[in-house]
Structure formats: C-alpha cells, structure tokens
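So the protein lines, in turn, are chains A and B. With our numbering, the residue at position 57 of the first sequence is 57, and numbering never jumps. If you want our numbering, it's the position in the second sequence, counting the first as 1, plus 310.
To be clear, the hints were calculated from the coordinates, so they are not data collected in a lab. All figures in this text were calculated on a predicted structure; none of them were measured in a lab. By construction, the Cβ of each residue, glycine as well, lies at the ideal position given by its N, Cα and C atoms. Honestly, I wouldn't trust all of these hints.
Stated by the list, open to error - With the C-beta cut set under 8 Å, the calculated list includes, among others, these residues of chain A facing chain B: (1) Gly282; (2) Ile285; (3) Asn293.
Stated by the list, open to error - Listed next, the stretches of chain B that the computed footprint assigns to chain A, with coverage defined by at least 3 CB atoms under 8 Å from CB atoms of chain A: (4) 479-486; (5) 604-614.
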Amino acid sequence: MTDPSSPAPESWRDWLLTAEPRSRHQARLGRAYVTWRRFSENRLAVTGLLIIVALVLVALFADLLAPHSATVGNLAGARLLPPGSPGFLLGTDDQGRDILSRLIVGSRITLAVVALVAVIAAPVGLLIGTVSGFAGGYVDAVLMRITDIFLAFPKLILALAFVAALGPGIENAVIAIALTSWPPYARLARAETLGVRNSDYIAAVRLMGASPARIVVRHIMPMCLSSLIVRVTLDMAGIILTAAGLGFLGLGAQPPLPEWGTMIASGRRFILDQWWVATMPGIAILVVSLGFNLLGDGLRDALDPREAGR
Amino acid sequence: MSHSNAKRAAGLRRARGVLANIGRFAVMLATTYLGLLAVTFFIGRVVPIDPVLAIVGDRAPASVVERVREQMGFNLPLWQQFILYLRQALTGDFGTSVLTTNPVMDDIIRVFPATLELATVGTLIGAGLGVPLGVVAAVRRGSIADQVVRIVGLIGYSVPIFWLGLLSLLLFYARLKWVAYPGRLDVAYEYTFTPITGLYLFDAAWTRQWDVLWDAFRHIILPGALLGYFSLAYISRMTRSFMLNELGQEYIVAARAKGLSERRIVWFHALRNAAVPLVTVIALSYAGLLEGSVLTETVFSWPGIGLYITNSLQNADMNAVLGGTIMIGSVFIAINLLSDLLYRLLDPRTRVR
C-alpha cells in the first residue's frame, strides 16, 4: 500500500475499483475498467467491436490478404465465375476480377470515408456547439439558427446536389457528406455545454483567470466527448450507407476503384443470372454498418447507464 | 367583476402567447427556406467554375457565351444574382430542364404524386407494423420477442436499401413472379388509364377500375414494403422507448391497482400517452421516406421525383437537379415544422398558459 504503482497486496481489480483513487491516473483507469465491464457484458456490442476491429485489420493488411489484383482481371478465362470456383471464393465479376479481393481492398475506401467524415464533421460540430452554448446571447441565437437550417435539410438530396456541382468522385462525396452531417453534433455539444457552463468547476477556472477560449477547449470540450463519440459511432453506419448510395448512383468513387456501392451498381446488369456480383458487396456493407450500429449502441449503454436498453 | 377581469387578462395573455408562437414559427419557416435557397444558389452558381459554360457547352462561340451570360444575369454582382434567384424561386420558376425541355416546375408537378404515393404506402406499412412491434417489445422487455424486434430494427438501420431492392426484385419478380415488373403500371394500362390526381391507387379505386387497381397494387407493393421496412426500423425503436417511459409511470401502477386488464392498460392508457411523441416520429419518418425514395425509385424505375433527380444528374441537368432538391427540401421543412406544431397541439403540457 505504500507504493501506489505496484498494487501487489491487492488484486488489480481492487486497485481499479477502489473508492479512494490515489492519483488521477488510477481514477481514470478505474472508470475505464468499469465502462469496459459494462460494455463487455453486452454480447451484441462485443460482436460489433469485433466486426470493426476485423474491418480495420483487413484494411491495414489488404495487400497481404487479397489473393488477386483488385483492379486487373482475367478477361480470357475467369469472367463471371460463380462463388466457390477454384481460386475465387466469392466468384468473379464481368471483367474477371476476384470479388473477394475487391471487397478486401474496398474496405480501405469505406474506412477512409467514415474516418474522414468523422474527422471533418465532429470537430466542426463540437466547436460550433460549445462556442454557441458557452457564449450565449446573439452568438448562440445565430449559430443555432444556422444549425437548425442545416438540420432541416434532407441530407442525401443535398449531398447529391453538392456532388453534382463539384463533380463525381470519392473526395467530393466525403466533402458533401461532411457538410451535411455536422449539425447534430453541434446540437449535442451545445446541450452538454449548457449542462456544465454554470457548474462550480467552471467558475473556479474562471476565477483563476482562464480565458474563455481556454475554458471552452480545456474544460468544456472534454465533457462533451463521450456523448459525441457515441453519436459519431452511431452515425458511421449512415455515412457508409450514404457513401455507398452515392457510389451506386455513379457519383461516389469511380471505377475501377473497388468501392462497395459502385460494385453493386456494376453488378446490377447481371443480377438475374449472376446474382453474386451485386450480392457480395451488399453483404459487406450490411455487416460493417451493422457492426458500427452494435458498437454505438453498446458504447451508449456503457457510457450512459440512464439510457441503457432504450 | 374582478373575476371576469382576471379571466379577460388570462385570455389576452393566452392570445398574445399564441401570436408570439405563430410569429416565431413564421420566422423559423422563412429563415429555413431562405437557407435552403441560399445553399442551392451556392451549389448552382458558385461551385461550378463557369455556370454559363455548363449551359452552352465549351464549344460555343464567345458571342453566344456573352449573350447567355447577360440573359441569365451572370454579369451582375453576386448579391443581385441571389435576389433575382430568390424572386424566381419564390414564384416557382426553376428554369427549364435541358433533358425534357419543359419548365422544371411542370416536370416536378407531374412526377411528384408518384413519390407521394410511394412514401405514403411505405409510411402506412412502417407505422402499421412498427408501432405494434415496438409496444410488444416494450411490454416483454428482455424477452425473445424484444430481441427479435431489436435485431430486425438494427438490420433495417444497416442495410443498403438499393441493394435490398435489387435482391427483392430478383426473388419476388424474377424467380417467384409474385409482383409486377418495375414501374407503376403494366404497359397495357399505361395508355388506357388516365390519372386524375396522379395517385394511381386512389384514382383507380375512385373510378372503379378494379383491374387497374390490382395492377397498380402489384407494382407498388415491393418498393412500398421496402420503404416500409426502412421506417419500421425507426418507428418500432422509438415506440419501444416511449412505451418503456410510459410503463414506468405511476398512473400505470394506479391503473393496475384499480384492477384494469393488462391489455387495456398497455394498448389504451400507455399507448395513448406515447402516441403524442410518436406522431412526430412518424411525420419525420415520412419526410425521410420522401428523401429515401431517390435510391428506391432508381432501383424500381419508379417515375417519381427521385428518379427525375437521378436521371437529370446523369445528364448534368443542374436546373432540374436543383429544382428537385428545392422541392424535396421544401416538403421536408414543411413536415418538420408541421410535426412540431402537431406536437404542441396534442400535448397539453406544451401549450401556452
């Protein structure tokens, strides 16, 4: 007990769950442990986590995992082979390309799209929401009116129009989706900010002479993070579906990029006879967005027990 | 005497409150609509490098380019262009479609009933199944039924709707032959049937053409069921959440203590209170289906506004794309505000005192 860094006399569990943590580090780890325990009790949530971890690993090692080239096919001997053909587990498409390899390499595009949208939209929403909530008055009124205006737009249609003007392509699809997905984050961050802005610790920091910018960045933004993370995770499925929808309409990633929605669009012509060409990428989209939804649900239940099971 | 004075004062306060609410509403509607038009203006005029070249093509002689530029007001400062754009949009003038050569507004009026009919069928299916499923899931919380409803809902949130549409066409049209070919009617009826409102199911029933009604039903059932599943996922989840909230209230305990049957408590007392926020949810899902129809209509060749927008997109017909965007955006905004208004009407607690 004399040395807090070596919890030998107690078990790790007791050290983590102690009611009197000796350091900030210990308190944080303890909370993380409790959250993890709550999360891991939920079998569906763990399934979701496993799916996402698998997605990340597949995307990282796509070059090693893909048995064939994702863009160059064998036009002579391997066109439209059914699943289970020797060497082509999920079959081949109309250009003789291995569908499994295309799915594996395409996971990179999917992951990049959700990551980029989250990296662009979440900080924008966080900044607007916290500033709006903390400043109050006219700043709040104007910022929230703008947010509400964007919130009242149909997202997919607006993304369509943006891409139509910017020109098709995966980068423009990302920009269009990000432009339409920040408002809920701003609303959420504002609500959290209003909850803490009048609390004692903010008053204490202010008395110590912290500037408004410092208060917002160091003391309010961290309080918004957990609910923001939950919300972003839950939105990931929607982002994937929107990106795939844009790809399906020919506005997202362009061939020969193995984007999953684009693959469904190109398989549409053979749907009656070679069903697997369009079916396989759809299953991939379904599994990954299901994974994000399960993970988001589990995170919400674990981080916010009040809402658990809703 | 003083009593009636107090009453009058209360009445005045109430009237003022209602007026303030209406005023707030008008401001919200106006600013949101202005925002929508500002965004479409930005997309149509600012994002493309040269909107004139987009119209006349890059092989047009310089004199033509200059003339079109002046005709369309592109030589004016941007803010004047925006005023011009606002004036045109507010009078329903979205320009002419390059593809169909009609005014965009005429095209939209022609195709919109198809989308409306599809979204309505979808919402009816979604609410008709989603609400009971959500209630059952809440009453039997944690049971197998609850888990099944949850999984069905989660898959609905996660599945790409265009892909599910393709697969269901493959199964129910191509293999099983249960439903009709994509489109709204068989070719045989396309020329003999003259629509009145453009809602084919309604028109056929109204004019007692039962064979047309059956044919229209066979065409709409698959895309309608698909959109219905989409909204079922959302509605059942929200219903469950609202019902759990209500079932934990004290008036439920009181109703049980009075000896009311469980069925009456759940389906009458609790559901009636949960119905207030549910109206908002159903209205929002209806608006969502109008938007979701873009992908569904493309898959099912459903000649609604979604297909109109995507067809125009393929042909770089920006007037039509933006007109369609404004149209769906306007309906979306209107439904959003209406559901808010409806909520205030239905829930006595939100009324002004």
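Do the hints match the structure? See the list:
no.: 1; hint: Gly282; result: 3 Å, holds
no.: 2; hint: Ile285; result: 5 Å, holds
no.: 3; hint: Asn293; result: 5 Å, holds
no.: 4; hint: 479-486; result: holds (count 3)
no.: 5; hint: 604-614; result: holds (count 3)
Checked against the numbered hints given earlier, the structure satisfies every one of them.
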